[in-house]
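With chain H's structure known, arrange chain Z on it following the hints.
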Amino acid sequence: MNCDEALDHLYEFLDRELTPEVEREVRKHLHACAPCAQETDFEETFLKFVQARCRAHGAPPELKRRIVRELFGE
Amino acid sequence: MATPAPPADARRAGFEHEALVHLDALHRVALRLTGNAADADDLVQETMLKAYRAWDSYQQGTNAKAWLLTILRHAFINEYRRRTRRPETVDVETIEPFAVFPDVQQEDPQGAFFDRIVDEQVLRAIDALPEAFRETLVLSDVEGLNYQDIGRILDVPVGTVKSRLFRARRLLQAGLYEYAVEMGYIKRKAG
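Going down the list, the sequences are from chains H and Z. According to the numbering used here, the first sequence is numbered sequentially starting from 1. According to the numbering used here, the second sequence is numbered sequentially starting from 1001.
Source of the hints: derived by calculation from the structure; they are not laboratory data. Positions of the beta carbon are idealized from the N, C-alpha and C atoms, including for glycine. Just so you know, not all the hints are guaranteed correct.
[Stated by the list, open to error] Computed Cβ-Cβ distance ranges for the label pairs, DEER-style:
id	chain 1	residue 1	chain 2	residue 2	range
1	H	R69	Z	Q1148	30 to 38 Å
2	H	E5	Z	F1098	48 to 56 Å
3	H	E70	Z	V1181	43 to 51 Å
4	Z	D1155	H	K28	21 to 29 Å
[Said to hold, decoys possible] As a list, the in silico DSSO-like pairs of lysine-lysine whose alpha-carbon atoms are at most 27 Å apart:
id	chain 1	residue 1	chain 2	residue 2
5	Z	K1162	H	K28
6	H	K48	Z	K1162
7	H	K48	Z	K1189
8	Z	K1065	Z	K1162
9	Z	K1050	H	K48
10	Z	K1065	H	K64
11	H	K28	H	K48
12	Z	K1065	Z	K1050
13	H	K48	Z	K1187
14	Z	K1189	H	K64
Chain H with its partners taken away, still in its complex shape (with noise of 0.2 Å):
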């Protein structure tokens, strides 16, 4: 496998969404080639930033009272 190659499969590697067979060919390129394990190590770096920023906030304990009260009348 190539760096394009490797870099066209960067997405669904980190999302591990690729076939055993293909993820071993992803991570032996990325075991050899400094550069595009880098830039997935950037990447992935960035996919884990967007999910800590977003999921500080949770439902307000109101609406939760509120559907509650709804659903099972109390």
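Chain Z only, in chain H's frame:
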């Protein structure tokens, strides 16, 4: 020996255990779809009421979160989209994504500048994405659903999920990079 719970209690317990636990997730997605707190609250409440009515058709042990999000998205399209956001006028599939990594490779290859961006700015940047990208990105990158479940919820093929996700991530990255440059968190690459 304990007596089995009456059917009504069992139904309620099952719903609480498998559906109500996803309230935070539904609320996060609703906020990003409607763009305001009051509509998001109403949309989530309506989703939960619809889900409870349809609870007997939910197959126990399958992905309850994906099932709930499907109900939420239908409710949004049918009742909220028209009045909360204008329908898209750009053809999202023609948007050319811009890669940030080559620009920051020298100065900040680990993307440390992201850490300096506050939550609100990230949410604003997500809200600025075209709706088709925004919903795909939120289901994947915030809620952690796989491509197949996202395809089912949005009623598009997995290939479309993939290409939208690629463009959505690149667009979001570019938007946050521009912001980081403006704020002086990182210097734009010369040339």
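Consistency of the hints with the structure:
no. : hint                         : result
1   : H/R69 to Z/Q1148: 30 to 38 Å : holds, 36 Å
2   : H/E5 to Z/F1098: 48 to 56 Å  : violated, 21 Å
3   : H/E70 to Z/V1181: 43 to 51 Å : holds, 47 Å
4   : Z/D1155 to H/K28: 21 to 29 Å : violated, 36 Å
5   : Z/K1162 to H/K28             : holds, 23 Å
6   : H/K48 to Z/K1162             : holds, 18 Å
7   : H/K48 to Z/K1189             : holds, 24 Å
8   : Z/K1065 to Z/K1162           : holds, 20 Å
9   : Z/K1050 to H/K48             : violated, 33 Å
10  : Z/K1065 to H/K64             : holds, 17 Å
11  : H/K28 to H/K48               : holds, 23 Å
12  : Z/K1065 to Z/K1050           : holds, 14 Å
13  : H/K48 to Z/K1187             : holds, 23 Å
14  : Z/K1189 to H/K64             : violated, 48 Å
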